[in-house]
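Colleague: Next come the chains, spelled out residue by residue.
There are 2 protein chains.
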Amino acid sequence: MRVITLAHGSGGRVNSDLISNIFFKHFQNDILMQQNDSSLLQKLNCSKIAVTTDSFVIRPLFFPGGDIGKLSICGTINDLAVSGAKPVYLTAAFIIEEGLNIDTLEKIVVSMAQTAKKANVNIIAGDTKVVERGKGDKIYINTTGIGIIEDDNRILSANNIKGGDIVIVSGTLGDHGICVINEREDLGISVDIKSDCSLLNILTQDILEVSENIKFMRDPTRGGLATTLNEIAELGKISMVINEKDIPIRDEVIGMCELLGFDPLYVANEGKLVVIASRDDAEKVLEAMKKNPLGRDSKIIGEVIDDNRNNVYLKTKIQGTRLLTMGEGELLPRIC
Amino acid sequence: MRVITLAHGSGGRVNSDLISNIFFKHFQNDILMQQNDSSLLQKLNCSKIAVTTDSFVIRPLFFPGGDIGKLSICGTINDLAVSGAKPVYLTAAFIIEEGLNIDTLEKIVVSMAQTAKKANVNIIAGDTKVVERGKGDKIYINTTGIGIIEDDNRILSANNIKGGDIVIVSGTLGDHGICVINEREDLGISVDIKSDCSLLNILTQDILEVSENIKFMRDPTRGGLATTLNEIAELGKISMVINEKDIPIRDEVIGMCELLGFDPLYVANEGKLVVIASRDDAEKVLEAMKKNPLGRDSKIIGEVIDDNRNNVYLKTKIQGTRLLTMGEGELLPRIC
Chain A
1 MRVITLAHGS GGRVNSDLIS NIFFKHFQND ILMQQNDSSL LQKLNCSKIA
51 VTTDSFVIRP LFFPGGDIGK LSICGTINDL AVSGAKPVYL TAAFIIEEGL
101 NIDTLEKIVV SMAQTAKKAN VNIIAGDTKV VERGKGDKIY INTTGIGIIE
151 DDNRILSANN IKGGDIVIVS GTLGDHGICV INEREDLGIS VDIKSDCSLL
201 NILTQDILEV SENIKFMRDP TRGGLATTLN EIAELGKISM VINEKDIPIR
251 DEVIGMCELL GFDPLYVANE GKLVVIASRD DAEKVLEAMK KNPLGRDSKI
301 IGEVIDDNRN NVYLKTKIQG TRLLTMGEGE LLPRIC
Chain B
1 MRVITLAHGS GGRVNSDLIS NIFFKHFQND ILMQQNDSSL LQKLNCSKIA
51 VTTDSFVIRP LFFPGGDIGK LSICGTINDL AVSGAKPVYL TAAFIIEEGL
101 NIDTLEKIVV SMAQTAKKAN VNIIAGDTKV VERGKGDKIY INTTGIGIIE
151 DDNRILSANN IKGGDIVIVS GTLGDHGICV INEREDLGIS VDIKSDCSLL
201 NILTQDILEV SENIKFMRDP TRGGLATTLN EIAELGKISM VINEKDIPIR
251 DEVIGMCELL GFDPLYVANE GKLVVIASRD DAEKVLEAMK KNPLGRDSKI
301 IGEVIDDNRN NVYLKTKIQG TRLLTMGEGE LLPRIC
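As given, the protein sequences belong to chains A and B, one line each in that order. Okay, so the first sequence: first residue is 1 according to UniProt numbering, each after it adds one. Okay, so the second sequence: first residue is 1 according to UniProt numbering, each after it adds one.
Keep in mind that a hint or two might mislead.
The list cannot tell twin chains apart, which means a pair is met if one copy fits it or any two copies do.
Simulated pairs of lysine-lysine, DSS-like, Cα-Cα distance not exceeding 27 Å [to be verified]: (1) Lys-43 <-> Lys-117; (2) Lys-43 <-> Lys-86; (3) Lys-107 <-> Lys-135; (4) Lys-25 <-> Lys-237; (5) Lys-194 <-> Lys-135; (6) Lys-86 <-> Lys-291; (7) Lys-317 <-> Lys-162.
Hints were generated in silico from the structure; no laboratory data involved.
Using the sequences and the hints, build the whole thing.
Modeller: Here it is as structure tokens:
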């Protein structure tokens, strides 16, 4: 079994062989192959450039529906996509723990390469560091994404959100977090829940094409739907009323949440969107979302109200109303 | 003592308070404060865009002459600078081990903010992840840098290097690596060696301003001068003859290397340049470099020869010649 040693991160021949045999082999493109300290790009033809960075520390590395490699591409592409940007380039930096099986590394790198290809982006720069046994957890990956916004009129901002706007989610909530916790804790519960880890850039494009009145989009990852809605309320200085009965959640996820004591509204997703659209366009946006396989289960879950307390009110199934606060967030570490 | 807990990385209120109280407080700028999934930049006015990414895993976090925060800015700025680019934006992503003292985190963030300010760049996007005790080593930082090249004629490439070109280094070699190893191993040797960790973007600018015939620049970090010269020989498909007697190395570094069994030519630097210039311009380039405090000890150390074996030949002090190979690189892990 070939394993990563400290020499693989120390800048010499062994390091450079690893880069050639694993990273260049699978990520190959003209810009990366410049092999310079910086990669040079042609000037980007656009109105605005979008930039985002994310590190991925998920445990376990492989889970039903994905792996850390696929996630590291989807997560960053999705942050560009929800900003209305078209993803164009990614960088990838690896912090590897001494002793990692090189076949495992290659499997992760192949998954990254496949996902990047699907998103039509190139990985144009990279870095590899190796830390001693016990100073990491197999592998951590950082990706930084660069996207373009071609039309200034399509810049999404929470400031555009107004009372009466409609809140839509693109599908069932909590699948990613519950899948990962089930795998990780080896709960031995046989339940068919796959992570929703997906590229959202085509779905966001479909949404932007069908309506001029998309106010804001965000993917409810860490902290789940509840945290994302609270962030939007704070950024937009508005409040919202959400109807619990309309929030799509799989029965299996509800069951697991009851068993484990989690609230599915705080559980992470990696392939879902929250969309705020004008009331007039809401139905046609919903229809466009449902036509995309990733938005098949889209639902209108609530509306924005003019109320500067920046609250998220949940109308419960039994017709009560409670405040849906931002999570404290300590429940599920390392789900991304 | 306030310490980092898993909740600080889990996307809820505690996470968002950390971002406000530490990261936004010190990195504050209009683009970062958009607080969106992606940060939006104005279109970059340039001929080419330069992009580079680097993770920093150095141990110890603080050392004479710098700390992981300063290093994480200098390292990425320098990769842009040696490509002839003007650094304009950085992203910063943190992987923090549970239990890190928040005061230590803030000290590192302040050091990053000060160094970024000195380099005249803004940190425009970020990310924070927390891993359990024993799954990290206090803190790892990734920075990704974006720079601009205004003039297509100033694109540096190893392909431009020709026989007769001159090899210059900007000062003494090995200071960073030896300083860090001395601190880390607690050798108890009282020796006055500071890391050379510095921003090189003004020095590279000085060099490019004084000559139209700069062929290539690289900072000899991991793997040291020997590895960098070998990389240049391979990229440029040329060979070099280097004169050992002309390579500037402090007596203290030579002494420590003898004691520890290291070759200073393979020891990392974090504030030094290797410059390949045309023979005609070499003297004026050297003069310009010496005028900058960071290039005060610059020296011409050798020349390029037309020899497609891509070898680096070292003319030793006793007038022998030996091959200076690329390091195997296992000697000094985690010096950056």
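Colleague: Okay, which hints does this one fail, numbers in order?
Modeller: Hints that this structure does not satisfy do not exist here, as all of them hold.
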